[in-house]
Amino acid sequence: MAITVSAPSESEGRKFVRRLLKRKTVAFGLIVLTVFVLLAVFAPLIAPYAPGKLSIVNRLSPPSMQWFFGTDEFGRDVFSRTIYAGRLSLLVGAAVVTLATVIGIVLGLLAGFFPKLDTPIARVIDAMMAFPDILLAIALVAALGPSLTTVIIALSIVYAPRLARVVRASTLVIRELPYVEAARALGISTPHIMTRHVLRNLLSPVLVQGTFLFAHAMLAEAGLSFLGVGVSPEIPTWGTMIASGRQYIGQADWVTLFPGIAIVLSVLSLQMVGDGLRDMLDPRLRKDL
Amino acid sequence: MLRYIFQRLMGMIVVMAIVVTIVFVIVRVTPGDPAAVMLGPEATQEDIAELRTRLGLDQSLGLQYVYYIGQLIQGDLGQSIFLNQPVTAALAERAEPTFFLTLFSILIACAIALPIGIYAAYRRGSFVDQAATTLAMLAASIPSFWLGLILIQVLAVRFGWFPVSGYGGPGSSFIERMYHLTLPAIALGVVSSALILRFTRASMLDVLGDDFIRTARAKGLGERKVVMKHALKNALIPILTIIGLTAAVLISGAVVTETVFGLPGVGNLVVSAVLRRDYPVIQGALLVIAALYVLINFAIDMLYLLVDPRVRY
Chain F
1 MAITVSAPSE
11 SEGRKFVRRL
21 LKRKTVAFGL
31 IVLTVFVLLA
41 VFAPLIAPYA
51 PGKLSIVNRL
61 SPPSMQWFFG
71 TDEFGRDVFS
81 RTIYAGRLSL
91 LVGAAVVTLA
101 TVIGIVLGLL
111 AGFFPKLDTP
121 IARVIDAMMA
131 FPDILLAIAL
141 VAALGPSLTT
151 VIIALSIVYA
161 PRLARVVRAS
171 TLVIRELPYV
181 EAARALGIST
191 PHIMTRHVLR
201 NLLSPVLVQG
211 TFLFAHAMLA
221 EAGLSFLGVG
231 VSPEIPTWGT
241 MIASGRQYIG
251 QADWVTLFPG
261 IAIVLSVLSL
271 QMVGDGLRDM
281 LDPRLRKDL
Chain X
1 MLRYIFQRLM
11 GMIVVMAIVV
21 TIVFVIVRVT
31 PGDPAAVMLG
41 PEATQEDIAE
51 LRTRLGLDQS
61 LGLQYVYYIG
71 QLIQGDLGQS
81 IFLNQPVTAA
91 LAERAEPTFF
101 LTLFSILIAC
111 AIALPIGIYA
121 AYRRGSFVDQ
131 AATTLAMLAA
141 SIPSFWLGLI
151 LIQVLAVRFG
161 WFPVSGYGGP
171 GSSFIERMYH
181 LTLPAIALGV
191 VSSALILRFT
201 RASMLDVLGD
211 DFIRTARAKG
221 LGERKVVMKH
231 ALKNALIPIL
241 TIIGLTAAVL
251 ISGAVVTETV
261 FGLPGVGNLV
271 VSAVLRRDYP
281 VIQGALLVIA
291 ALYVLINFAI
301 DMLYLLVDPR
311 VRY
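For the protein sequence lines, the chains are F and X, in the order given.
Take the first sequence: its letter number 90 is residue 90 in this note's numbering, and every next letter is one higher.
Take the second sequence: its letter number 121 is residue 121 in this note's numbering, and every next letter is one higher.
Don't take each hint at face value.
[Unchecked claim] Footprint (simulated), chain X over chain F, 3 or more residues, beta carbon under 8 Å:
1) 77-90
2) 96-106
3) 129-139
4) 143-155
5) 208-222
6) 241-255
[Claimed, not checked] Distance windows between CB atoms, simulated:
7) F:F114 with X:V25: 20 to 26 Å
8) X:V307 with F:E181: 50 to 56 Å
9) X:I175 with F:V106: 50 to 56 Å
10) X:S172 with F:F68: 24 to 30 Å
11) F:E234 with X:G75: 40 to 46 Å
[Unchecked claim] Some but not every residue of chain F turned toward chain X, in silico, with C-beta under 10 Å:
12) A185
13) G187
14) I188
15) L227
16) I235
17) W238
18) I263
Read the hints as simulated data drawn from the structure, not as lab findings.
Only a predicted model underlies this, so the values are computations on that prediction, with no experimental measurement involved.
Ideal Cβ positions, reconstructed from N, Cα and C, are used throughout, including at glycine.
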C-alpha cells in the first residue's frame, strides 16, 4: 500500500514531472498515450475513410498503401476503424476511472474516517472483490441490458471497491497524522478536514491506482465486447473488431491483429506510467530519497 | 490462535452473506420484469406468469430473499430455464474443463514466472532484470482472448500441432482432453505469469537483502544454495499467496478463454447463459465462483498459520 506524500508545490511539481519523464518506460508510455489520445480526438481528420464505409468488392484486402491495415469482411478500412475504436475504448476507460474514483473516494473516506461505518463498508468491499471482475461485469451488464452506458456503470461498480480499499487504507494512516490532529484541535469540522486536508493527500495513491484501473477497464471492456455481452457489435471498439474478425483469422489475420496491437500498446503504456508514478510517489520505493 | 481462526471464520461467513445478497440483488435490478426479459419478446402473458411463479418473482422481495437463502442452505441453486436441468448439475457437468484449465494455466504461469522472477531478483538492475520487468508488464497487457486467437492461428492452423478448439469429444481419453487444453492454458498462463513474476521478484529482493543471507554467504555457502534454499524458502509465503489468488482470478480469465477455444466449461456456460438471459445459471455460477474465491482466501490465511509462526499471535 502506498503511503502518501504531501501534495507537491508548483516548483516541486515541475521537478517531479522532470524526474518522472527521465524514466524511459514512463516517457515511452506517455508518448504512446499522447499519440492514442491525439488519434482519438482528431479521428475524423486522420482516418482516410469513414469507419462504417462498406466496400464489398474490396472485402478482406490485405494491408496496402490504399488500406494501411487492410479491410475487414465488409470491406471496411481496418485502419480507420482502429482509430475510431480507440475513441470508444479510451472513453470507456476514462469514464470508468472517473466514476470508480468518485465512488471509491467517497466509500474509502467514510470507512476510514468513521469507525462505525468502517466494518460494514470494509465487508461490502471484501464481498465485491470476491467476484472475478469480468464475471461480475458480465452479470451486471446482463441484468442492466447491454449498452455503452451499462458497460461503463458495470465496470465502475466492479472497480470502485479496489479504489475504495486503497483510499480507506490511506485515510486510516492520514487521520492519525499530527496535522490532522492539530486541525481537529483547532475546531475544524470533520467534513472540512476530510475534503481539504485528507483528500489532497490521497492524490498519490488514487493517481497510481487510477492509472492501473484505466488499463484494467480497457482490457475488461475489450473482453466484454469480444464476448458479445458489451457494446453493440456494430459499434467499433477494439474488442468488437477482434470478435468480428475472429471468423476470418485464417485468411485475414490483419482484421484481428491491429486492434489487438492497439489494446496491448495502450494498456502497456498505462501500466508503464502507473509503475513509474508508483515508484516515484511511494517513499518506500523511491531510490532517490 | 483459535481466536484468530474463529474471527477469520466469522469474517468469511459475513462476507459470504453479503456475496449472496449481492447475487440476489443483481437479478432484481433488471429493468422491467426479469421473467419477460428471460423469455424474450415472443413469450405469451401465460408463459411469463408461469415463469414468475416458478421463480418466486410474484412474491414480495423479502419473501423471495428468505426463499432464496432457504434454497441455498439445501444446496439448491435453482433450475436453468434453457438447459432444463438444475444449475448445480449444469455447473458440475462443466467443472472439469475449467478446473484443469485453471490448474494447467497455473503450472505454466509458475514455470515461466518463478525462474525468471528469482533470476531477475538475483541480478537486480541487470539487463535480464529490466527485460523481465518489461516482459511481465507486456504479458499483463495482452488480452488472453487475443493471444488465444494468435496461438490458434500459428500453432493450430499453420503448424497443425494442436487442435483448434473443443475438448476432445465424448469418450476421449484424459491425455486427449489435456492435449486440447494446452493452447488455452498457454494463453491464460502467459497472461497470468506477469503478476506471479513481479511478486516473486519483489519477494526475493526483500529476502536477499536480509542479514541471514549475508551470514549464509559469509559461511561460505555456494550462491546456488543461498538463493534456492535460504532465500527462496523464506520468500515463498507471499509467492504462494499470490499463486493462490491468481488461481481464483484465473477463473475470470477462463470465461473469455473458454469461449475462444470452444471449451465446454463453466465460463462458456456463463457466457451462453448471459446471451440467453438464463438468470438462475448466471446467479449460480457467480455465487459458486465467489464462494471459491472466499474459500481460497481463507485457506491461504490458514496456510499462513501453518508455515509462518509470526502469524500465530
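Hints, verified against the model:
1. 77-90: violated (count 0)
2. 96-106: violated (count 0)
3. 129-139: holds (count 9)
4. 143-155: Per the Cβ count (3), the hint holds.
5. 208-222: holds (count 3)
6. 241-255: Holds: 5 residues of the region 241-255 of chain F have a Cβ under 8 Å from chain X.
7. F:F114 with X:V25: 20 to 26 Å: 24 Å, holds
8. X:V307 with F:E181: 50 to 56 Å: Check failed, 39 Å falls outside 50 to 56 Å.
9. X:I175 with F:V106: 50 to 56 Å: 54 Å, holds
10. X:S172 with F:F68: 24 to 30 Å: 44 Å, violated
11. F:E234 with X:G75: 40 to 46 Å: Once the Cβ atoms are compared, 43 Å apart, the range 40 to 46 Å for G75 of chain X and E234 of chain F holds.
12. A185: At about 34 Å, which exceeds the 10 Å cut-off, the nearest Cβ of chain X leaves the hint on A185 of chain F violated.
13. G187: Because about 37 Å separates G187 of chain F from the closest Cβ in chain X, which is outside the 10 Å limit, the hint is violated.
14. I188: At about 35 Å, which exceeds the 10 Å cut-off, the nearest Cβ of chain X leaves the hint on I188 of chain F violated.
15. L227: 5 Å, holds
16. I235: 17 Å, violated
17. W238: Interface hint status for W238 of chain F: holds (9 Å vs cutoff 10 Å).
18. I263: 6 Å, holds
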